[in-house]
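Just need the whole structure built from these sequences, with the hints factored in.
With the working numbering applied, the sequence shown corresponds to residues 1 to 158, in that order.
I should point out that these hints are in silico values taken from the structure, not numbers from a laboratory.
Ideal placement from N, C-alpha and C gives every residue a C-beta, glycine not left out.
Warning: the hint list may mix true and false statements.
Stated by the list, open to error - Calculated pairs, DSS-like style, for lysine-lysine (alpha carbon to alpha carbon, straight line, at most 30 Å):
no. : residue 1 : residue 2
1   : K140      : K91
2   : K91       : K146
3   : K140      : K70
4   : K63       : K86
5   : K4        : K70
6   : K146      : K4
7   : K34       : K63
8   : K69       : K3
9   : K93       : K63
10  : K91       : K3
11  : K34       : K146
12  : K4        : K86
13  : K93       : K3
14  : K91       : K69
15  : K34       : K3
16  : K13       : K86
What the hints assert, rightly or not - Label pairs and their calculated CB-CB ranges:
no. : residue 1 : residue 2 : range
17  : R84       : E155      : 22 to 30 Å
18  : E64       : E24       : 34 to 42 Å
19  : I65       : T28       : 36 to 44 Å
20  : R143      : E81       : 27 to 35 Å
21  : E62       : L142      : 29 to 37 Å
22  : E16       : A44       : 16 to 24 Å
23  : E66       : L142      : 29 to 37 Å
24  : V101      : F27       : 14 to 22 Å
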Amino acid sequence: MPKKILIPLDGSKIGEAALHYVEELIFTLSAEQKIEVTLIQVLAPSTGRVVVGNGGFLPLTEKEIEPIKKEALDYLNQAGESLRSKGATVKCKVEVSETGVSSAEEIIKAEDDINADLVAMSTHGRRGLSRWVFGSVTEKVLRAGKVPILVVRAEKKT
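Here is the structure:
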C-alpha cells in the first residue's frame, strides 16, 4: 500500500481530477497507516523569462519570480485542504523547470526526491495531432518513471 504519494498539478480543473481518487484512497487507508502526499507544480521555463524583441528571452530575477512561486504554492495549499481533512500529511512543492528540462523530468526527479510509492496524475486525454503537438506529460512520466502511476482521465465538459 502506498505511503508516499506524489500528485503533480498544473493549476487547471482537469489537472485536479486525480485528487478525488487519492482522497478516497486516503479515506480507505488512513485508519491503517499514515499517508504523506506531496503536491507539486512545475512552472515552465517560460514562466521565468520575459520575451523581448525578436523572440529573445531575458530571465526573470529570483525577486521577480518569487510572487509567481508564491501564487503556485498558495494554490497547492488550497488544493491540499481536502486531503488534509481526510487525515493525510500534505507537503507542497513548486519547481521552476530549467531550460531544456521538461515538466515530466521534474516530476520524475521529485518522485525520487520524496521516495514516492505512487504517482497520481490526471490526463487531458488528447489524441492524434493535438497529442503529437502538445505531447503528454502523463505519458512521459508513465514511460520513464520508476513507481506505479494512477492515471485519471478528466471528464470532458459537454
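These are the hints, each one checked on the structure:
| no. | hint | result |
| --- | --- | --- |
| 1 | K140 - K91 | holds, 24 Å |
| 2 | K91 - K146 | holds, 21 Å |
| 3 | K140 - K70 | holds, 27 Å |
| 4 | K63 - K86 | violated, 36 Å |
| 5 | K4 - K70 | holds, 24 Å |
| 6 | K146 - K4 | holds, 14 Å |
| 7 | K34 - K63 | violated, 37 Å |
| 8 | K69 - K3 | holds, 27 Å |
| 9 | K93 - K63 | holds, 18 Å |
| 10 | K91 - K3 | holds, 13 Å |
| 11 | K34 - K146 | holds, 22 Å |
| 12 | K4 - K86 | holds, 15 Å |
| 13 | K93 - K3 | holds, 18 Å |
| 14 | K91 - K69 | holds, 15 Å |
| 15 | K34 - K3 | holds, 7 Å |
| 16 | K13 - K86 | holds, 20 Å |
| 17 | R84 - E155: 22 to 30 Å | holds, 24 Å |
| 18 | E64 - E24: 34 to 42 Å | holds, 40 Å |
| 19 | I65 - T28: 36 to 44 Å | holds, 39 Å |
| 20 | R143 - E81: 27 to 35 Å | holds, 32 Å |
| 21 | E62 - L142: 29 to 37 Å | holds, 33 Å |
| 22 | E16 - A44: 16 to 24 Å | holds, 18 Å |
| 23 | E66 - L142: 29 to 37 Å | holds, 33 Å |
| 24 | V101 - F27: 14 to 22 Å | violated, 35 Å |
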